[in-house]
Structures are given as C-alpha cells and as structure tokens.
Amino acid sequence: GAGVSQSPSNKVTEKGKDVELRCDPISGHTALYWYRQSLGQGLEFLIYFQGNSAPDKSGLPSDRFSAERTGGSVSTLTIQRTQQEDSAVYLCASSLAEGLQPQHFGDGTRLSIL
Amino acid sequence: SQQGEEDPQALSIQEGENATMNCSYKTSINNLQWYRQNSGRGLVHLILIRSNEREKHSGRLRVTLDTSKKSSSLLITASRAADTASYFCAPVFGQNFVFGPGTRLSVLP
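One line per chain: the protein sequences are C and Z, in this order. At position 82 of the first sequence (counting the first as 1) the number is 82 in our numbering, and the numbers step up by one without a gap. At position 72 of the second sequence (counting the first as 1) the number is 72 in our numbering, and the numbers step up by one without a gap.
Keep in mind the hints are simulated off the structure, nothing from the lab. The beta carbon of each residue, even a glycine, is placed where N, CA and C say it ideally should be. Incorrect hints may have been included.
Here are some of the chain C residues that sit facing chain Z, going by a computed Cβ distance under 7 Å [as the list claims (entries may be wrong)]:
{"#": "1", "residue": "Pro8"}
{"#": "2", "residue": "Gln41"}
{"#": "3", "residue": "Gly42"}
{"#": "4", "residue": "Leu43"}
{"#": "5", "residue": "Phe45"}
{"#": "6", "residue": "Phe65"}
{"#": "7", "residue": "Leu91"}
{"#": "8", "residue": "Pro102"}
{"#": "9", "residue": "Gly106"}
{"#": "10", "residue": "Asp107"}
Extracted from the complex, chain Z is given alone in its bound form (with noise of 0.2 Å):
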C-alpha cells in the first residue's frame, strides 16, 4: 500500500514552539503532499515536495524528504493557537494515494 504513516499521533506543544511531524511510506513516488484538517473541515494542501527534492520551504512550513529512507518530516516552526489541527501525509505515485491517520496537533496558548 502507498499509505503515509505519520508520527507521532498526537503532539501538544506551547505556542512559539516548533512543531515535527514525521511520515512513513512504502514504496516508489512521484511526490509527497502534506494536508491540514481543521476540525468539521475539509483537508487543506499545504505543501508538495517532488520525489527529486530534499526541501521545501513555505512561510513556516519546511518539509524535508529522504526517498532513501521513505520518509518525510513537516516543521511548522514558531506555533500558533490557530495551527492546532490534524495533519496528513500523502505519498502519491501514478493516482493512488492513500492518506494515514494523522498527526493531531494541539497548540496550547
């Protein structure tokens, strides 16, 4: 399977804190994606990193990519109350691609 295993599933940090989540995958890519959900909400695209790219940078956000290793982190650096949400990765290969169950993450203010 192409699911994304992401890590940890719950995180809860201060605000001003930076926040790592990490996911897993199995198999060959295309690209990776990285969502948000709010709560009673649809995903929302953040970012997507191409298989040939190590880093991506957006506002502050970085992802980070190791196809060696099939993994890929997200930084959300300097937390705020308003990043609290789950967060999806998305390996995708061809048109597959299957979401993992999140990380939840709580931003304390």
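Pulled out of the complex, with its shape left as it was, chain C reads as follows (with noise of 0.2 Å):
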C-alpha cells in the first residue's frame, strides 16, 4: 500500500492475555519505530529497527515487551501478560533512512485491557 499500515486498529482484550499488533511499513523504508501514546499525552518511544542492525529496545518498559522484525518488512509487537496500564495507542512508523527523513506514520492500534 501507499502508507504504513497498522493491524488491528483496535484491540480489548482480558488482562493477563498476550497481545500482538502488527505493522506494514512502506516499501523500502529501512528504519521502523514502535511508539506508544496514553491518551492526550506525547509518544513513548518503545524500540527502533534499521536495516539488519541490531534493533535498538532502551524504550521497551519491561521485559513483557518485545518485537521482531521479519525480511526487513513487516514488524510485529508482542505484549505478554498484559496489564491496564499497557492500555494506550500503540503507533508504528517507518523512513528511509534513520532520523535524517520524516517519518511516516499508520493510524495505531487502540489497546484496551480490561
């Protein structure tokens, strides 16, 4: 597609389930960001993927968090035994190159955990 796309666009699920989001960057865009976003506040930098480096995880609030990478395209967010407060916007972007370009965001993943 045109632009970064983000699946699903929203999510509820119980708490202590393991939750996956998923995101389609824009061809040939070798960097990807993760970002959260709670509700009216700025975005939380989660983790950075560029090219076949080893991606950089310093934002992931705990080891619940993880995300892989596959053939350099799409990413995959996984979030196990989920908790409330990993209840935000869950957005994902992609750029050509690392910080030098813009970023190109998907519309997120809405996560609410009951």
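Could you fit the two chains together into a complex? Lean on the hints.
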C-alpha cells in the first residue's frame, strides 16, 4: 500500500492475555519505529529497527514487551501478560533512513486492557 | 534526553488568526521536525529544518530554528478550522528523537 498499515485498528483483551500488534511499513523504508501514546499525551519511544542492525530496544518498558521485524519489512510488537497500564495507542512509523528523513506513521492500534 | 518540549500546551484561536507554537530542546541536533496529529490518527510530517538553516516556509507554515537558544517555532498563518490538531516537534540527533507532549491547537470557526 501507499502508507504504513497497522492492524488491528482496535484490540480489547483481558488482563493477563498476550497480544500481537502488526505493522506493515512503506516498501523500501529501512527504518521502523514503535511508539506508545497514552490518552492526550506525547509519544513514548519503544523500539527502533534499522536494516539488519540490532534493534534499539532501550524504550521497552518491561520484559513483557518484545518486537521483531521479519525480512526487513513487517514488524510485530508482542505484549505478554498484559496489564491495565498497557492500555494505549501503539503507533508504528517508518522512514527511508534513520533520523534524517521524515517518519511516516500508521494510524495506530488502540489497545484496551480490561 | 533529546525530547522536545512544546509550548503552550494548548492554544485556542479564531479562524483567520495566526498560531505560534514553540519548541525547546536540550542537546545538539542534526535537524528538527514538526508533525501534526489529528484526533484518532497517526502523526503527519509537516516540515523539516536542518541545523544549519534558520527559517523555512511551506505554504502557510513558517518554521524558525535558533540553535544557540535550542529553540524552534512553528507559525501557522491565516488559520483554518481544519488546522485543529495536536502539533509535535521532534529534535533529531542520529536516529534518536523523542516527541514531546505537543501543543493542542483549536481553531474556532
């Protein structure tokens, strides 16, 4: 597609369940970012992938969070044993190169933990 | 932290007026980017200004950068109701940039 695609757009799950969030970046974009945005707040950096380099995981809030990027394209963010404080919008962005180019964002996955 | 801090947190103006938002940051940058976010959507890139530039224009947008003061401003001229959104700055060094809490702009018709 023409833009960054995220799925699902909304996810409601019970506390303690695992969830997987998917991001399809723009074709050819080597950099991919995951962010978390709580209601009315700014973006919290989670993880960054650049080509075949080791990802920058410095923003992951706990070991319940993990992400992978297969084949340098699609990325999956996994949250294990979800907690209510995990409720937020999870945004994915991609860019042609690290930092020097604009990021293109998907519309996010709104995650609600009951 | 490289986080940008936008000011004011919220701004309400009448259609046709100009809106000015400010951004401050703490360390050296390669460039600084401004983004807009409409409710329920992802961020949309507006403009990028490099560290060796002082001013940049794009349509009704004007961005300034003062690296000595570590600050930037975004001016939207002749605002429209459709400009209602949150605006974020992102100071960039390498691959690291952290978005601040943003400025929520409301343009009243």
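Each hint tested on the structure:
no., hint, result
1, Pro8, "violated, 14 Å"
2, Gln41, "holds, 6 Å"
3, Gly42, "holds, 4 Å"
4, Leu43, "holds, 4 Å"
5, Phe45, "holds, 6 Å"
6, Phe65, "violated, 17 Å"
7, Leu91, "holds, 6 Å"
8, Pro102, "holds, 4 Å"
9, Gly106, "holds, 5 Å"
10, Asp107, "holds, 5 Å"
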